[in-house]
Amino acid sequence: MALITAAAESRFQDHNDGKRCRIVAAETDGVVVGSASSGRDRAKAAYETTVETSIACHPAATGRGIGTLLYQVLFAELAALITAERNFRVELEKLQAHFLDERLESRAPAQRIQ
Amino acid sequence: MTIAMSLAAIIRIASAATGRGNIVKADLGDDTVDSERIRIRRATLADLPALVEIHNHYVTHTHITFDVEPFTVDERRSWFQDHNDGKRYRIVVAEIDGVVVGSASSGRHRAKAAYDTTVETSIACRPAATGRGIGTLLYQALFAELAAEDIHRLVAGVAQPNDASNALHRRLGFRELGRFTEVGRKFGQYWDVLWFERELH
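Same order as they appear, the protein sequences are chains A and B.
With the first letter of the first sequence counted as 1, position 99 gets the number 99 in the numbering used here; the numbers rise by one all the way through.
In the numbering used here, each residue's number is its place in the second sequence (first place is 1) plus 1000.
Same shape as in the complex, but just chain B:
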């Protein structure tokens, strides 16, 4: 099975699950899939400015990322490389009419060697593109990309409160592990992080 086919199959399931009647059109000629106007594909370095713009919105306006200072595109290059090794670490993006509206990624969870088989996932959509099932499509595509990799656990930390992200992670098969209380300080107050995990398969 090619990546394109597995992506298409999963996005069909995801579209059916969202019940929005998205028309799914798989293009088996390359590794992309159209779902109505939403296109999910692998990220390239050309997407970095859009990804930085989306991330910086959440850095500046919300507690949901624990980054505090916005990034320049140049500063974010090492993040892109760290999440784009073509193996355990990948980035997929969602486009609508050629505009990147969101991404999902997997990255190293912790530095020590025995953590190799655990990846930490992350997801973000433009504020205007939320609530339309794009997060589900992104995560499904990311998991399909990782399917053949030597990964045993996916983990995700969600800064609280964030009902939408909690619901997304539960919907995607993540189990709630526990809550680290007041582990982050941003905007002069402390924030909790709820951790989730799931098997890759």
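This is chain A alone, in the form it adopts within the complex:
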């Protein structure tokens, strides 16, 4: 087993924030034979919505469709995040609209313009 250095650990954390940056691994019989990951593309803030993906398999495990599976699972993980964020935004907007309605209703009725 390779020694886990601080640098390797920080590299892992950079790709494992549970949000845009994720790592998925493929196992056969309990042995990790490959991984796919998403990480920050570039540092500047506006690049937030772009991720850079990477994939690698053990040399003995290539040519068996594992890469395809890894990427599909990674994309599904990231898509779930997008769906969750979108749902959250929709709920938030509903909530805001609701409070706005309440505030408007609580005001004195507007004068009717003849």
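Everything labelled a hint here was simulated from the structure, so no lab data went into it.
Yeah, the Cβ is synthetic: ideal placement off N, Cα and C, and Gly gets one too.
Treat each hint with caution, since some may be false.
Just some of the chain B residues that point at chain A, by a computed CB distance under 7 Å [unchecked claim]:
#1 F1066
#2 D1067
#3 V1068
#4 V1183
#5 G1184
#6 R1185
#7 K1186
Below are the DSS-like pairs computed for lysine-lysine, each with C-alpha atoms no more than 30 Å apart in a straight line [unchecked claim]:
#8 A:K19 to A:K44
#9 B:K1112 to A:K44
#10 A:K19 to A:K94
#11 A:K19 to B:K1112
#12 B:K1087 to A:K44
#13 B:K1112 to B:K1087
Starting from the structure of chain A, add chain B where the hints point.
Just chain B, lined up with the frame of chain A:
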């Protein structure tokens, strides 16, 4: 050949190319060159406030840098150090009457070790100082500064649209590589980046 001489030679060529008839006066006593009132020289930490002011203008008002929040001078210190190692990473500034009006810089392109020989270049002028060939002078001076370094490729990413910067890069020998679409989000919309590359020599 000293740096001063190579800078002077290149700025003469650049001035001739811009066709503005700038009077080029080389001062071989130090590493600076006067072109009419424009002076190109290496940046020092004393220039940082002016560089931050210029950068922040583009951060706040335009999509052309993908930084979103303006910087304090203190926050920008690490950028200065990263672009000022005296080797592959350099900053040159343009002055008119002692006022810094623009800069060009080279910095690390990507973190992995094999990218050592590739630098990413960047350039910016005060809005009032554009369209006068200063960008050309800055890039020519930067390339002269880097001439002896172990650099194989210069690359530059230009957020689109930016016709002036595209034209500048093409004029300076950069080739268009490709366009990353909608890779940046700023002001609530997505922006493309056109990438350029050239050899150092």
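Against the structure, the hints come out as follows:
At its closest, the beta carbon of B:F1066 sits 4 Å from a beta carbon of chain A; the interface hint therefore holds under the 7 Å criterion. For B:D1067, the interface hint holds, since its Cβ comes within 7 Å of a Cβ in chain A; the closest pair sits about 5 Å apart. Taking 7 Å as the C-beta contact cut-off toward chain A, the hint placing B:V1068 at the interface holds, the least distance being around 4 Å. This hint holds: B:V1183 has a C-beta 4 Å from the nearest C-beta of chain A, less than the 7 Å allowed.
Using the Cβ-Cβ criterion of 7 Å, the hint placing B:G1184 at the interface with chain A is satisfied: the shortest such distance is roughly 4 Å. Checking B:R1185 against chain A: minimum C-beta separation of about 5 Å stays under 7 Å; hint holds. The beta carbon of B:K1186 comes within 4 Å of a beta carbon in chain A, closer than 7 Å, and the hint placing it at the interface holds. At most 30 Å may separate the alpha-carbon atoms for a hinted pair to count; A:K19 and A:K44 meet this at roughly 18 Å.
For the given pair, B:K1112 sits about 18 Å from A:K44 by alpha-carbon distance, which is consistent with the 30 Å threshold. With a CA separation close to 24 Å, the supplied pair A:K19 and A:K94 stays within the 30 Å bound. A distance of roughly 24 Å separates the Cα atoms of A:K19 and B:K1112; the hinted pair therefore holds under the 30 Å criterion. The straight-line distance between the Cα atoms of B:K1087 and A:K44 is roughly 24 Å, inside the 30 Å bound, and the hint therefore holds.
For the proposed pair B:K1112 and B:K1087, the alpha carbon gap of about 18 Å is at most 30 Å, so the pair holds.
In summary, the structure agrees with every hint in the numbered list given earlier.
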